[in-house]
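S.K.: At position 97 of the sequence shown (counting the first as 1) the number is 368 in this note's numbering, and the numbers step up by one without a gap.
Simulated from the structure, these hints should not be mistaken for lab results. Note that the coordinates shown come from a computational prediction; the quantities given were computed from them, not determined experimentally. Any given hint could be a false lead.
As the list claims (entries may be wrong) - Calculated cross-link-like contacts (lysine-lysine; reagent style BS3-like; alpha-carbon spacing at most 25 Å): (1) K549 x K576; (2) K404 x K429; (3) K404 x K430; (4) K450 x K430; (5) K851 x K835; (6) K851 x K816; (7) K674 x K589; (8) K828 x K871; (9) K816 x K854; (10) K854 x K867; (11) K628 x K589; (12) K450 x K490; (13) K448 x K490; (14) K828 x K851; (15) K828 x K816; (16) K629 x K589; (17) K871 x K851; (18) K450 x K404; (19) K828 x K867.
What the hints assert, rightly or not - Label-pair restraints from in silico Cβ distances: (20) E681 x A724: 32 to 42 Å; (21) D812 x G380: 37 to 47 Å; (22) P516 x D488: 16 to 26 Å; (23) P846 x H499: 48 to 58 Å; (24) G348 x S804: 29 to 39 Å.
Just so it is clear, CB atoms sit at the ideal spot from N, CA and C, and this is done for glycine as well.
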Amino acid sequence: MADDNNIFLKYNCENESLSDNLSIKILSDLDNCHLGFDRYGHHKMLQLLPLEIRPKMLSQTVVENMVESNMQLCEYGECCEFSGWFQAHLSSTPFRHGLVCLIRQQKEGQVSQGDAATMCETAFGSIEITCCKSLETVLWLGQELLSGTTAATQLYVKKGQQGCTFYLKHNNDTAHKVKSEVIMRLTYEINVLLNNILGSNLLLVLGHLLSCDSMEDVKMALEQNGIHNSADTGSTNTEESLKGPPEPGSPIPEEWHDTLDMSYLNNYEAGEYVGYKKTAEEDYWCYAVIVEHAHRYKIQIGKDKVILVSALDLYQFKQENKSSSTGATCIELVQLTESVPRSSTTMVLPQSLEEAKKDIEDCLAEIWTLSAEEKHKAINRLWLRWHPDKNPDCLQLATEVFKYLQNRIEDLENSRTGNQSSPQWSTNFRNFYEQWNQEAHRHRCGRERFSRARGHNTRYNFCTYHGNVPQPNRAEAQRWLSQAQCDLAAAHNDTGGRATEWTLFKVHQAVEKALIAAEYRRHGQYSSNISISILAERVSDYSPKLHTLPSIVSKLKQLGVDAKTTQYPNYHPLPNIPNKMFKCENETEVLDMASKLLCKI
272 MADDNNIFLK YNCENESLSD NLSIKILSDL DNCHLGFDRY GHHKMLQLLP
322 LEIRPKMLSQ TVVENMVESN MQLCEYGECC EFSGWFQAHL SSTPFRHGLV
372 CLIRQQKEGQ VSQGDAATMC ETAFGSIEIT CCKSLETVLW LGQELLSGTT
422 AATQLYVKKG QQGCTFYLKH NNDTAHKVKS EVIMRLTYEI NVLLNNILGS
472 NLLLVLGHLL SCDSMEDVKM ALEQNGIHNS ADTGSTNTEE SLKGPPEPGS
522 PIPEEWHDTL DMSYLNNYEA GEYVGYKKTA EEDYWCYAVI VEHAHRYKIQ
572 IGKDKVILVS ALDLYQFKQE NKSSSTGATC IELVQLTESV PRSSTTMVLP
622 QSLEEAKKDI EDCLAEIWTL SAEEKHKAIN RLWLRWHPDK NPDCLQLATE
672 VFKYLQNRIE DLENSRTGNQ SSPQWSTNFR NFYEQWNQEA HRHRCGRERF
722 SRARGHNTRY NFCTYHGNVP QPNRAEAQRW LSQAQCDLAA AHNDTGGRAT
772 EWTLFKVHQA VEKALIAAEY RRHGQYSSNI SISILAERVS DYSPKLHTLP
822 SIVSKLKQLG VDAKTTQYPN YHPLPNIPNK MFKCENETEV LDMASKLLCK
872 I
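Using the sequences and the hints, build the whole thing.
M.R.: Structure follows, in structure tokens:
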């Protein structure tokens, strides 16, 4: 017999080691008390006992915590494909679209589309994913650690006041079984974040949505499960954001004017989407795509309309700053994988008054060497860059810097140094202050309209909203191309007939990395687990010079270039192995074709 306050009821599914823990008294197995073998019946009988003598449920008393001292972060960091797969799916527009539909289905339309979208943004804006090399949990009873309860786990969720962190145990195996286990846990935790709004029948559909790779997959999953596709338009803006990048030459809506970066020192990459404004006086921006950069930028502002412009006529769309971590794969989920770094240079606002003053002095020194027209554009941009209406997140600093900027402009205009007889010194910028202030005010109003229409939890980010806007990344492209060249050089070392399969395999690696380099150069990202044939088809559309890539890759595959058949015996009939299956006579032709492909890219 024991004090009933210290007796616990344990189901078989709970940790068996608890029974051996001296500080825990477990109710005897009722199977041995002539009460039958129905565990659920036993539980119902115990619930009939008065509360003061009823055994406590062990699962409601014991707490599972992560063993932080044993946790090791994933060695791949933010490049981890395993956690990246879940991050990409959780943050995708199609998944959010499907989740909004599930919420509205559960509430039979009583929750508006906007409210459902806001619920998703609120919940997912507070989720982080951390990938770990090792992950263990231990059970606690109050303040007491229960010895012998440490166990490895695939997923642990740590909740906090500001949100929660999903800790994933890294797994090199992305097989269906592994993904299913994580998805099952994620499904439960997502519903908890949504205050358990979804019933058990819709939780199965939620798990299905987490496996969907595209909007088409999501719509099919909804249809198969009898869920109304009720999030096509309105505050989720799914259809608009999936239509593709806006047409070059089309006007930029006023709600996006405030996201245009006013720094005139930015660098631009070919293929990058930018804003274009012909003169400082007009209040009209249009979308444009960088085509080429010589001394000026060649841009496309229509299907067949390409013009030459100054950098002062171009505006980058601001990117959200992403705090760097020291080794942690800690990713805040946004509606687009923004982890891909940009190779075009975006100037970051100084964080202190002294830094800002120095920045302004450097800018003004350069601006005062420009022609009158260019100087006017540059001062206009510098004015807007520091205007308080355009800096709500650092209002106090912006106000001080803005005053300093205005004083320095007037000092320079009143100065008698320099060649004042030159026409470029005759501009009186004071005449434009009111016009520029009104412009900044319109930008603020446009930003506020965006937030009101879509909910304050929707990030004000052009590239996030338009999920497939190209963001070329020259630096990352060069990295991949350099490794492709190294792989091709290594392939030459295996020629001679002794290891033809390695020659073909390394050629495959070189070709794949070269094609990925082209993807980075064009879009700033690439899709993993895609064959070189599909990659070649995509890349061939980027330039007329690349139209022959699919035929080159097709010929290479015919000659044995493949990642699987060159490595694994099970891709060949018994008793053959890869080393005996490829003709060394093809080595020279394969290497020549691969070299031509890399040269084209």
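S.K.: Hint by hint, note whether the structure agrees.
M.R.: Each hint tested on the structure:
| no. | hint | in the structure |
| --- | --- | --- |
| 1 | K549 x K576 | 15 Å, holds |
| 2 | K404 x K429 | 17 Å, holds |
| 3 | K404 x K430 | 21 Å, holds |
| 4 | K450 x K430 | 22 Å, holds |
| 5 | K851 x K835 | 15 Å, holds |
| 6 | K851 x K816 | 37 Å, violated |
| 7 | K674 x K589 | 24 Å, holds |
| 8 | K828 x K871 | 18 Å, holds |
| 9 | K816 x K854 | 31 Å, violated |
| 10 | K854 x K867 | 21 Å, holds |
| 11 | K628 x K589 | 22 Å, holds |
| 12 | K450 x K490 | 21 Å, holds |
| 13 | K448 x K490 | 24 Å, holds |
| 14 | K828 x K851 | 17 Å, holds |
| 15 | K828 x K816 | 21 Å, holds |
| 16 | K629 x K589 | 22 Å, holds |
| 17 | K871 x K851 | 32 Å, violated |
| 18 | K450 x K404 | 16 Å, holds |
| 19 | K828 x K867 | 15 Å, holds |
| 20 | E681 x A724: 32 to 42 Å | 39 Å, holds |
| 21 | D812 x G380: 37 to 47 Å | 42 Å, holds |
| 22 | P516 x D488: 16 to 26 Å | 22 Å, holds |
| 23 | P846 x H499: 48 to 58 Å | 57 Å, holds |
| 24 | G348 x S804: 29 to 39 Å | 30 Å, holds |
In this structure, the earlier hints numbered 6, 9 and 17 are contradicted, and the remaining ones agree with it.
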